[in-house]
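J.: Here the structure of chain A is known, so what remains is to put chain B with the ligands in place on it, guided by the hints.
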Amino acid sequence: MSKTLSIAVHHLTRVEGHGNIEVDVKNGKIQKCEWQVPEAPRFFEAMVRGRHYTEVARITSRICGICSVGHTLASLKATESALGIEVSEQTFKLRSLLKHAENFDSHVLHVYFLAAPDFLGAPSVFPLVATHGPVVARALRLKRLGHEWGSLIGGRTTHPTKAIPGGFSAFPTVAELKELKAKMLAAVPDLEETLKTIAALAPAIPAFDRPTEYMALHSQSGYALYDGDIQTVLPDGNKKTYKVADYKTCTNEYLTAVSTAKYTKNRLGSYAAGALARFNNNHEQLLPEAKKVAADLGLKGICTNPYMNTVAQVVEIVESFHESLALVDHFIKNGVKDEPLAKPTRFAKGAGATEVPRGILFHEYEYDKDGMCLGGNCIIPTNQNHANIQKDFEALVPKLLGEDADEKKMELRLEMLVRAYDPCISCSTHFLDVKFIR
Amino acid sequence: MAKPKVAFFDFTCCEGCQIEFTNYGDPVFLELLKHVDVVEFREAMSEKTKDPIDIAFIEGSFSREADRPRLEEIRKRAKIVIAYGQCATTAGINALKNHTSDYRKFVYGKDAALPHLDSQIAVGVDQAIKVDYYAFGCPVNKYEVLQIVSHLLHGKDPVIPNYPVCVECKRRETICRFDVGDYCLGQTARAGCGAPCPADGIPCEACRGFVDKPNHDSLVKVLDKRAGMPKGWAQTKTRMFTANQRGDVK
Ligand code: SF4
Ligand code: SF4
Ligand code: SF4
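Chains A and B are the protein sequences, given in the same order. Under this note's numbering, residues 1 to 438 are what the first sequence spells out, in order. Under this note's numbering, residues 439 to 688 are what the second sequence spells out, in order.
Looking at chain A on its own, in the form it has when it is part of the complex (with noise of 0.2 Å):
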């Protein structure tokens, strides 16, 4: 076979910030194949120095957009291990309850208007609105449902603003609670629906297998999102775990010259975050109803294709309305207390993570005797799965030359491929080796 093609996707559309594709082929020969990251910088680790502790969470929140919520829960979490707050039970709850509302809604819109055009066979959700106006209008339907039961929470979506330090700036109150339920409990023929769309589409999801070691937060207590210590498993089952506070012996970020994020690696020369390694770690714990989605989509642990972390997402949206009906429940019963917030007793460094939608999220920074800032780390999920995007690419690539595909087709494929993975490169915060000035 002596193929020569070439493939340049400059801005790749239907993900969030911007990532390019190069592929060089020479009669038959790779001579190119790169996942790039051409991202403007934005130094918010820089940002946040001679920052006060209450404002830090407000700043590194706008990283990303998209994941907003994630972003300002992780730097809390960061914040008060830093400064030795441990928030009340009640907190935790609520933080639990924003933190769904953020994987619900980041995924309807993922599976719905990122992912689905490329089954559908649609440049973007737009065309759709005539071919296929009912299950835009659903999809709409879902998203505002995620969007309100966010605000309720952290008071808006993008950027919330009533998660801080030590707790709640604001509660909901139990009569709003009902009210979400009520909206929650409405939109269950829209997730029945759903499921039988994704069904659908799920046959044409490509056929394509790289193990590789999947990372993802894990807790005793259930399928974990909010919260947990760092799991890791390969695709043989082994597991090891590792503490938060010792996130970087197992995220090994390096710089490359393709890209601005940076990368990481681990057991194996890549790993993978996001739906899919939460899947694949924790997929046990799962509730029955997500179990029984997962099945009927014929998704089963250890999964090694990385397409399907778009059905992992379907997964994950079950799981997340169940146990946040389970939370709102819990609240209508026992109420909600306007609660004071638990102060600093001390000023050092901590970290935090939790899970955001495109996976494991870490947050650090350490304070002064003023709790002002002197300096922080965040490592994206987006950019612990560059390196596993491009070695996926390294194995895709040869696969798709021998299946004779033309340049159309493994365009396409290598889009869905980093589409699948719902990065949102608009983060683009990298160091190698921060120094923490004191």
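Read the hints as simulated data drawn from the structure, not as lab findings. Keep in mind it's a predicted model, so treat the numbers as computed, not measured. Yeah, the Cβ is synthetic: ideal placement off N, Cα and C, and Gly gets one too. There could be a bad hint or two in this list.
As the list claims (entries may be wrong) - To give a feel for the contact side, a few chain A residues facing chain B, derived at Cβ under 8 Å:
(1) PHE43
(2) ARG58
(3) SER68
(4) PHE126
(5) LYS162
T.: Here is chain B with the ligands on its own, set in the frame of chain A:
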């Protein structure tokens, strides 16, 4: 009249303002699509066009000389350019590094000199091209954006508030943050958001930027005297979203 062609472009930002478009939900979003044709929106669609655009929304700051030709190209194609979101209007949060010169080194260490990490001070896009209208906020207030679009579709000039957030606090009868021993930047912050932050028990950080000609010196005095903010902090407080609107910008 044919439906106006609307396009979205992003530069240095978090794309949160774009996300606000998906937060309208079904009734508003589908209604909006009846009145405008979205022709380019990289985050949500693969379609691209070389045709003229009626309204171009630009999100994000101008922080790399390398981005100038793309901005100029958009200006050439668009009848109306709207800078939307604080990143695009004043550089917002991105300007928080503008008073420092070591940010590259701090974040990238020994790799700081790599050419693709190039970045200058962050400014609003009107520093590169002419902007016709501004939608402030971090994120934008989605209903204000709707109003701007609606005004333009009706051939009217959108009216953007140029009074402080305090006015909106008074309208909502919110207890002032200063009265509960906190601080607040609402006195010089540009209104239009409805003052949700003080109502939710946190200070206004002026995420919509300042009103025109803010009295920055007085603000620092109030933060210092009335809120008892440590001196250094009162001085640097307004770097968060309004670094480019302080008197001392480079
Ligand atoms: S103005 Fe704020 S929300 Fe909008 S893009 Fe910039 S950082 Fe994101
Ligand atoms: S809380 Fe802030 S915005 Fe509201 S009245 Fe007081 S100073 Fe003004
Ligand atoms: S109250 Fe202040 S910080 Fe809050 S949205 Fe309005 S301008 Fe922004």
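J.: None of the hints should be skipped; say for each whether it holds.
T.: Cross-check of the supplied hints:
1. The criterion of a C-beta within 8 Å of any C-beta in chain B is met by A:PHE43, whose closest approach is roughly 4 Å, and the hint holds.
2. Taking 8 Å as the C-beta contact cut-off toward chain B, the hint placing A:ARG58 at the interface holds, the least distance being around 6 Å.
3. A hinted interface residue such as A:SER68 counts as satisfied when its beta carbon comes closer than 8 Å to some beta carbon of chain B; here the least separation is about 6 Å, so the hint holds.
4. For the restraint placing A:PHE126 at the interface with chain B, the shortest Cβ-Cβ distance is roughly 6 Å, inside the 8 Å limit, so the hint holds.
5. About 5 Å separates the beta-carbon of A:LYS162 from the nearest beta-carbon of chain B, less than 8 Å, and the hint is met.
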